[in-house]
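Visitor: Respectively, the protein sequence lines represent chains U and S.
In this text, residue positions in the first sequence follow my numbering: the first is 1, and each later residue adds one.
In this text, residue positions in the second sequence follow my numbering: the first is 1, and each later residue adds one.
A hint or two may mislead.
The calculated lysine-lysine pairs, modelled on DSS-like cross-linking and capped at a C-alpha distance of 30 Å, are [claimed, not checked]:
id	chain 1	residue 1	chain 2	residue 2
1	S	Lys304	U	Lys73
2	U	Lys97	U	Lys262
3	S	Lys73	U	Lys262
Listed next, the stretches of chain S that the computed footprint assigns to chain U, with coverage defined by at least 3 CB atoms under 8 Å from CB atoms of chain U [as the list claims (entries may be wrong)]:
id	region
4	78–89
5	204–217
A short, non-exhaustive set of chain U residues, derived as facing chain S with CB atoms under 8 Å [said to hold, decoys possible]:
id	residue
6	Val76
7	Ile79
8	Trp186
9	Gly199
10	Pro200
11	Leu201
12	Ile203
13	Arg204
14	Leu205
15	Tyr302
16	Phe306
Note that these hints are calculated values from the structure, not bench results.
We put the beta carbon where it would ideally sit given N, CA and C, even for glycine.
There are 2 protein chains.
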Amino acid sequence: MDAIDDANQLRETPKNEVISFFESAPLLKDAAEIEKSLKEFVDRNTSSSGNLNGKANRVVCIASGGTTVPLEKQCVRYIDNFSSGHRGAASTEYFLKAGYSVVFLYRRGSCQPFCSSLPDDPLLECFSVADDSSIEVAEGILLKLPFTTIFEYLQILQLISVSLRDVGPSAIFFLAAAVSDFYIPWESMALHKIQSASGPLDIRLAQVPKMLSVLRNEWAPMAFHISFKLETDTDILLAKATMALKKYKMHMVIANELSTRKEEVIVVTEQEKVTVRRDCTRAGAEVESPLVELVVDRHSTYIKKFDA
Amino acid sequence: MDAIDDANQLRETPKNEVISFFESAPLLKDAAEIEKSLKEFVDRNTSSSGNLNGKANRVVCIASGGTTVPLEKQCVRYIDNFSSGHRGAASTEYFLKAGYSVVFLYRRGSCQPFCSSLPDDPLLECFSVADDSSIEVAEGILLKLPFTTIFEYLQILQLISVSLRDVGPSAIFFLAAAVSDFYIPWESMALHKIQSASGPLDIRLAQVPKMLSVLRNEWAPMAFHISFKLETDTDILLAKATMALKKYKMHMVIANELSTRKEEVIVVTEQEKVTVRRDCTRAGAEVESPLVELVVDRHSTYIKKFDA
């Protein structure tokens with residue numbers, strides 16, 4: 001990577017790119033309802049007596065599953081990012097056990113907490129793809145918010161970050177979702193199904209503005225930020241994780257390689273690189289268990305700095 | 001549409017395009033197992049005493065759900081074609097009731113016959129995306145074969161058509177799957193995840209060869225062929241359906257518009273255009289019920305021509 005590239009990598013996300021992304025995005029349905037649920041959730045879990053789950057005011061926003069990029073406004077075709085959502089669903093369980101309240105921002109149809117151990121029943125494949133915008137609250141400490149497209153995902157993430165602002169350093173953003181890097185701006189998108197009559201199809205995809213730095217610097221500047229780096233090529237994985245740490249000023253980047261991601265991850269911070277492995281001696285043990293344990297520990301240290 | 005376009009539309013699918021598609025496709029896993037299941041299924045259901053379901057030797061291959069197009073060999077991103085698979089799953093039930101045996105070629109995770117009335121339970125969303133290549137046979141008259149990519153879909157469709165050849169005019173191909181029109185040839189595909197560092201992404205997608213005409217003319221020349229046309233633009237729907245009927249020498253094209261597809265479809269044949277509507281007077285009535293009834297009637301007429 002040469003100097004020019006590096007400089008390019010480290011520049012801030014241009015404001016006009018961000019503005020133009022949101023301006024051109026289709027309006028979020030149920031934005032008012034989502035805001036209301038978030039407000040109630042935060043009020044309930046950050047009272048002076050601590051949250052309903054016992055841990056004083058700690059909240060984590062877990063983003064999970066892949067975002068889609070529609071190729072047509074009346075969408076028949078779309079680019080999808082593969083993600084079962086297993087990492088986010090399992091991590092949700094461990095954060096709840098650790099006393100956090102959780103905002104679970106998930107792709108419709110992806111894995112849910114507390115049902116990863118269901119049998120592989122073919123009946124389970126018959127899920128509804130209907131656009132249920134149902135917002136579910138489980139026992140007051142888990143708020144589930146679904147998304148499908150990159151437009152929905154980023155708009156809801158912004159709503160969450162604003163609603164968690166008062167939580168300050170007690171909030172974690174645990175961004176395990178597979179977010180599209182490229183998209184077709186809404187205004188340049190075909191209205192109807194693209195016709196296949198004539199020859200090859202050339203698609204120009206614009207880069208999705210790097211919202212991580214906007215989230216980190218503007219939307220939730222006090223929170224503890226964790227992003228993920230998934231690659232299939234191990235040779236570039238750690239370099240890319242370290243670069244993401246610097247570029248977006250993340251507090252932690254969790255690097256994982258596609259083929260071994262259920263066995264181990266590498267936690268990269270400014271101070272350390274720690275490989276976290278699942279406990280092979282216990283049947284059914286998941287890598288998310290020691291991972292969340294480590295995150296909670298580093299988050300505690302982070303909070304103490306503000307208390308001092 | 002001008003004359004040049006029309007001529008282009010009516011030409012046969014070039015052999016070299018077909019050969020190059022299959023040669024460049026990744027090898028189908030379990031091809032031998034699929035062939036064996038198909039052979040047993042056909043033997044069982046086309047004996048001299050009729051099939052297990054009572055109707056003499058009638059078999060329908062129902063293709064259901066959308067195919068994906070990987071953008072990377074170690075696939076993280078892919079283009080998907082939206083389809084819940086509801087049409088195919090519901091039609092499977094009505095064909096079974098009508099005495100047909102059914103080969104159900106379906107997208108993993110899409111709707112299954114006999115479970116569309118399940119409650120909208122959030123637990124059901126937690127299905128496994130694992131690559132179970134499980135081949136299921138229900139009571140001997142339903143063979144379920146799963147696919148994910150366009151490469152798998154077309155290879156399995158070819159295996160089915162070969163295995164149904166001896167069934168002759170008693171076989172129906174009911175092609176309700178949403179098949180990708182464009183793809184990235186395997187040999188020109190990126191091995192690893194496409195990097196997002198530098199500027200917009202230009203993708204050139206090749207046209208998927210029009211396999212409908214290959215299926216119709218070469219793979220299963222005696223069968224009764226039904227294809228589907230889905231559009232979001234009603235203005236072009238009937239014209240495109242009629243053109244598909246001629247171009248691919250289909251026996252029937254079922255035209256449906258995205259927003260009304262659960263209420264009505266238009267059945268287009270050389271002789272007629274029939275609008276089929278669901279029975280609004282019965283709660284839970286589906287358009288697939290009168291649709292399959294009409295198909296069975298026209299298929300009976302088709303078979304009689306061969307008997308005469």
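Visitor: Is the hint on Leu201/U kept, meaning its closest Cβ partner in chain S is under 8 Å away?
Guide: Because about 4 Å separates Leu201/U from the closest Cβ in chain S, which is inside the 8 Å limit, the hint holds.
Visitor: At least three residues with a C-beta closer than 8 Å to a C-beta of chain U: is that true for the region 204–217 of chain S?
Guide: holds (count 4)
Visitor: Using Cβ atoms only, decide whether Pro200/U comes closer than 8 Å to chain S, and label the hint accordingly.
Guide: holds, 5 Å
Visitor: How about Gly199/U: closest beta carbon in chain S under 8 Å, or not?
Guide: holds, 7 Å
Visitor: Decide if the proposed pair is consistent with the structure: Lys304/S and Lys73/U, CA atoms, cutoff 30 Å inclusive.
Guide: violated, 46 Å
Visitor: Tell me if the straight-line CA distance from Lys73/S to Lys262/U falls inside 30 Å.
Guide: This hinted pair holds, its Cα atoms lying about 20 Å apart.
Visitor: Holds or violated: is there a CB of chain S closer than 8 Å to the CB of Ile203/U?
Guide: Hint holds; Ile203/U Cβ to chain S Cβ min 5 Å, cut 8 Å.
Visitor: Take the region 78–89 of chain S, compare each residue's beta carbon with every beta carbon of chain U, and decide whether three or more fall closer than 8 Å.
Guide: Since three or more residues must qualify, the claim that chain U covers the region 78–89 of chain S holds, with 7 doing so at under 8 Å.
Visitor: Quick one, is the Leu205/U hint okay against chain S at 8 Å, beta carbons?
Guide: Holds - the Cβ of Leu205/U comes within 8 Å of chain S, reaching about 4 Å at its closest.
Visitor: Tell me if the straight-line CA distance from Lys97/U to Lys262/U falls inside 30 Å.
Guide: holds, 20 Å
Visitor: Less than 8 Å between beta-carbons is the criterion; does Tyr302/U satisfy it with respect to chain S?
Guide: Since the shortest Cβ distance to chain S is 29 Å, the answer is violated.
Visitor: Tell me if Phe306/U is really an interface residue toward chain S, meaning its C-beta lies closer than 8 Å to one of theirs.
Guide: violated, 33 Å
Violated hints, in rising order: 1, 8, 15 and 16; the structure is consistent with all others.
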